[in-house]
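Enquirer: Using the sequences provided together with the hints, build the complete structure.
Residue numbers (our numbering), protein chains in the order written: chain V, 1 to 114; chain R, 1 to 116.
The hints are simulated quantities; they were obtained by calculation from the structure and are not laboratory data. Small disclaimer: the values here were computed from a predicted structure and weren't measured. All residues carry an ideal CB built from backbone N, CA and C; glycine is no exception. Don't take every hint at face value.
[Claimed, not checked] Quick list of the computed label-pair ranges, beta carbon to beta carbon:
| hint | chain 1 | residue 1 | chain 2 | residue 2 | range |
| --- | --- | --- | --- | --- | --- |
| 1 | V | Thr-27 | R | Pro-8 | 31 to 39 Å |
| 2 | R | Val-15 | V | Gly-16 | 44 to 52 Å |
| 3 | R | Ser-65 | V | Arg-80 | 36 to 44 Å |
| 4 | V | Gln-14 | R | Gly-16 | 46 to 54 Å |
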Amino acid sequence: SQQGEEDPQALSIQEGENATMNCSYKTSINNLQWYRQNSGRGLVHLILIRSNEREKHSGRLRVTLDTSKKSSSLLITASRAADTASYFCATGEAGGTSYGKLTFGQGTILTVHP
Amino acid sequence: SQTIHQWPATLVQPVGSPLSLECTVEGTSNPNLYWYRQAAGRGLQLLFYSVGIGQISSEVPQNLSASRPQDRQFILSSKKLLLSDSGFYLCAWSSVAGPGGANVLTFGAGSRLTVL
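Expert: Quick look at the structure:
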């Protein structure tokens, strides 16, 4: 079943602007990850944040996690046309024998206009 | 370095025909292996995962099956394809992290299946 729900479904911005995508989930998690997918290609891992972390940075990416609200956000600063892609959040469930299985959301389609 | 290969990249098959998609991983041993399906370019649905040779877990009942005949080989199969099997199939691997571990997935380039 799909746990993560991204918002918005589609986002269109101009180059240089910031892009913010949100993800909500339902169950307790061990970690939350963001992936990027260029059209017709496989997904590429961007960043991982663990359930005991609140914020993480990687280059122009900033991820926040609020476990009380079961939500996360991905901020891409100073966007570029090359950032155009679909972005997915994925959650790893806490406990059990999940062996690191990830549940992906529906994704946000980001279009950055030059 | 680790690499993942998935083939074929594109496949057009008639309804009722068999299917075999193959995925191999290089540069690592005893990986967790996964098959996901993506419909209409949106969310991914986990179909199967494997933590070892011959160990397959199915996430959803369906017309498909998976096998892991070798440590770094994962195969997705069907005896008779349905129209609803059309989609983009993605193989992925991760290092073994154990129960509740945080695995980062590395995906193959995907196989686009069209069933006519």
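Enquirer: Run every hint past the structure and note whether it holds.
Expert: Each hint, compared with the structure:
Separation of Thr-27/V from Pro-8/R is about 36 Å and conforms to the stated range, judged on CB atoms against 31 to 39 Å. Remark: the range hint 44 to 52 Å for Val-15/R to Gly-16/V is upheld by a beta-carbon distance near 49 Å. The given range of 36 to 44 Å is respected by Ser-65/R and Arg-80/V, whose C-beta atoms sit roughly 42 Å from each other. A C-beta distance of roughly 49 Å is found between Gln-14/V and Gly-16/R, which places it inside the suggested range of 46 to 54 Å.
No hint from the list above goes unmet by this structure.
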